[in-house]
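Read off the chains here:
Protein chains: 4
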Amino acid sequence: MNFGVVGYKGRMGTLIVQTFKEHKHNPVLLVDKEVLLEKDRPEVIVDFSQPEALELTLSLCEKYNVPLVLGTTALAKNHFKTLKDFSKKQPVVQSYNFSIGINLIAKILAEFSKNFEEWDVELVEIHHSQKKDKPSGTAILLEKALKREIQKHSLRIGGIPGEHLVIFANEGETITISHRAISRKAFALGALKAAEWVLTRKSGFYTFSDVLKEE
Amino acid sequence: MNFGVVGYKGRMGTLIVQTFKEHKHNPVLLVDKEVLLEKDRPEVIVDFSQPEALELTLSLCEKYNVPLVLGTTALAKNHFKTLKDFSKKQPVVQSYNFSIGINLIAKILAEFSKNFEEWDVELVEIHHSQKKDKPSGTAILLEKALKREIQKHSLRIGGIPGEHLVIFANEGETITISHRAISRKAFALGALKAAEWVLTRKSGFYTFSDVLKEE
Amino acid sequence: MNFGVVGYKGRMGTLIVQTFKEHKHNPVLLVDKEVLLEKDRPEVIVDFSQPEALELTLSLCEKYNVPLVLGTTALAKNHFKTLKDFSKKQPVVQSYNFSIGINLIAKILAEFSKNFEEWDVELVEIHHSQKKDKPSGTAILLEKALKREIQKHSLRIGGIPGEHLVIFANEGETITISHRAISRKAFALGALKAAEWVLTRKSGFYTFSDVLKEE
Amino acid sequence: MNFGVVGYKGRMGTLIVQTFKEHKHNPVLLVDKEVLLEKDRPEVIVDFSQPEALELTLSLCEKYNVPLVLGTTALAKNHFKTLKDFSKKQPVVQSYNFSIGINLIAKILAEFSKNFEEWDVELVEIHHSQKKDKPSGTAILLEKALKREIQKHSLRIGGIPGEHLVIFANEGETITISHRAISRKAFALGALKAAEWVLTRKSGFYTFSDVLKEE
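Protein chains in written order, with full-length UniProt numbering: chain A, 1 to 215; chain B, 1 to 215; chain C, 1 to 215; chain D, 1 to 215.
In short, the hints are calculated from the structure, not lab data.
Since the structure is predicted, the reported quantities are computational estimates derived from the model, not experimental observations.
All C-beta atoms in this analysis are idealised placements derived from N, C-alpha and C, irrespective of residue type, glycine included.
Careful: at least some of the hints might be erroneous.
Claimed, not checked - Covered stretches of chain A (in silico footprint by chain B; criterion: 3 or more residues with CB under 8 Å from a CB of chain B, positions within the stretch not fixed):
| # | segment |
| --- | --- |
| 1 | 104-110 |
| 2 | 182-196 |
| 3 | 201-209 |
Build out the structure end to end from the sequences listed, making use of the hints.
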């Protein structure tokens with residue numbers, strides 16, 4: 001596919017361009033603070049940058065009449081309103097977590113929450129020492145998926161990108177479901193999956209778990 | 001419930017009586033090589049002993065017209081034939097693995113096998129050094145659940161009751177689903193679940209995964 | 001060796017007799033609330049029972065003039081005084097933790113504490129849901145071995161006999177040193193090691209880490 | 001310190017410059033295929049590039065009369081000869097593995113190999129699916145440290161940078177010592193440690209484990 005990236009000079013933007021190219025897709029529109037390459041019509045635009053970029057991003061989506069994959073965090077209410085308006089014309093995939101693995105585990109926990117009702121469960125999450133929030137947003141996401149309150153233990157050590165362990169036990173056995181991010185590459189692969197999926201959709205507002213649901 | 005146990009002096013039999021009692025059930029029929037206690041009509045009979053005991057077990061089931069939970073291994077074809085005949089009158093739950101956790105993981109792997117198709121996967125199983133077969137039957141069961149061939153690594157060290165790890169990875173992340181038996185108690189709890197479930201069933205031949213499926 | 005066990009009917013006592021016999025040692029003195037078997041002179045007496053038994057235990061050690069291996073917990077000051085008096089005549093090994101593995105890990109942490117100074121470190125310990133103290137005594141023991149304050153996370157789930165993970169991380173890598181008790185058998189093997197070691201010692205008061213130190 | 005890097009445009013070279021700068025050291029000599037920056041006298045030169053670069057590297061070390069930290073792999077016999085000649089004038093630290101953690105674990109295993117003699121042990125190593133050699137060189141290094149033959153299991157999945165688990169077990173307990181590379185950063189930090197250490201040394205030929213030994 002021909003794709004566009006907003007914020008392509010940032011850490012995630014660079015990685016997204018690289019990852020999409022590895023899968024034989026062509027960057028035809030590259031935007032950072034301004035449009036820097038515009039050599040063809042993109043089929044989809046991907047933005048994992050800052051909320052301030054959203055206006056420019058949406059104007060480009062409208063110009064080309066193409067779908068949007070949005071991984072920008074810290075969106076405000078009015079951003080969501082604008083996104084939902086645009087999603088009447090073109091499909092939008094918005095999520096705060098584009099890791100395929102975490103969304104897959106959340107799906108497993110949600111679907112099997114009843115089976116795990118009789119088990120004790122606690123959660124351990126490990127992140128680098130610079131991460132200040134405890135517990136991680138992902139820990140809360142997994143807790144919600146399981147539909148019960150879990151005791152959550154947060155370790156902050158070294159340079160660990162992110163690890164989550166959901167540990168179940170009864171009298172006679174334990175089950176552990178764990179996820180580890182090797183690198184930010186995980187999120188770039190999630191963006192790729194979303195971009196490929198959104199091409200096949202009609203207008204509408206979707207999250208990353210919708211992408212996985214319909215695989 | 002009032003229950004009966006065949007082979008109640010053996011390691012598993014002892015544990016089954018103890019576990020059922022902890023859950024307020026009453027042993028009313030205790031059989032080892034012969035009937036040793038028969039103080040009331042059982043509602044269900046449990047047998048985790050030897051294939052040679054099956055004839056006596058079934059004659060007791062017929063005498064009381066009650067269901068059977070059977071965890072005996074190394075059954076032959078003719079045993080299955082007899083069991084299926086009896087299952088026309090009363091429900092039978094037969095399985096080589098009454099661990100709730102392993103059956104739950106198998107169910108998860110089966111249901112999500114499509115989601116894991118794009119991930120690399122290998123399996124590690126660790127058992128005590130006396131276990132001779134490699135890979136474990138459970139490893140094969142998990143592989144079948146995942147519906148693809150997996151490379152399986154078997155460690156045989158110390159007194160480990162049994163541990164299985166299914167490790168998935170793609171470029172950017174890993175997911176591990178692992179199970180550990182703490183002790184044989186796991187299997188006694190599985191027998192309990194099967195016994196409680198079978199009371200609510202009509203005649204028929206069931207496996208332990210049917211028990212879990214309908215929870 | 002010929003050995004004696006005080007409290008041989010208890011859970012640990014039974015296991016000690018069984019474990020020592022597996023290693024070709026002979027029980028010649030079996031004591032529970034009273035002396036129940038006394039068929040020969042023991043070379044060592046082992047007691048993992050109650051503080052109240054200590055008086056009888058010591059009188060038997062004096063009678064035969066043999067060393068003592070003591071795993072009884074909750075000893076009071078006066079017990080220690082009596083033990084130290086006796087240790088002038090015969091060697092005594094006393095410890096609250098006869099797990100070879102935990103003592104080995106403590107020794108590793110103590111010896112390498114300087115190497116780990118630049119690493120972040122936190123500890124996770126997992127025990128069965130009935131265990132009320134947090135953190136475990138073993139967690140504190142490991143922290144002391146490392147000679148620095150560690151954040152300790154305590155999980156209480158299911159029937160887990162005991163698991164400790166010391167997790168180190170710097171910017172680029174992690175090291176985990178972990179221990180898991182499979183069963184109480186660990187402690188019986190520790191008692192065996194102490195008993196075999198104490199036979200070679202002169203009088204004196206020793207702990208289990210002395211036993212491991214001189215291997 | 002003022003430092004020089006040969007091969008500074010490569011993946012490891014870039015990372016080394018960045019890591020040293022984070023620790024307040026100044027790059028004053030940057031060399032790739034030719035000298036590209038030479039603004040001051042370096043106190044040490046670091047080379048993690050190709051064997052072909054060694055000649056230029058050594059000529060620069062001689063020009064400034066400064067020590068060398070060398071992480072280049074696939075060195076031939078004559079390279080070692082030249083290095084040892086140079087090490088009579090200035091100290092050289094040469095190693096195929098500059099991970100602090102792996103060298104630390106090797107040191108632990110070597111020092112405690114006697115304590116582990118009675119334990120069963122096997123090794124599991126997990127690397128990305130592009131890695132072709134099995135078992136990893138590091139697995140062999142750890143086996144040598146332990147001074148006994150170990151069964152080694154090699155998993156090749158996804159993008160895992162490198163994970164090694166040495167799993168010990170006896171009848172009653174398990175001990176696992178494991179290492180995980182988060183990223184190549186581990187090796188850059190090892191180079192930094194070697195560079196800081198080598199400044200304090202007289203002439204001589206050293207390996208990375210010497211660096212750790214004398215901390």
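Each hint, compared with the structure:
Residue count for the segment 104-110 of chain A with a Cβ under 8 Å from a Cβ of chain B: 4. That meets the three needed, and the coverage hint holds. Coverage of the segment 182-196 of chain A by chain B holds. Counting CB-CB distances below 8 Å, 8 residues qualify, and the rule asks for three or more. Counting residues of the segment 201-209 of chain A whose beta carbon lies closer than 8 Å to any beta carbon of chain B gives 0, which falls below the threshold of three, so the coverage claim is violated.
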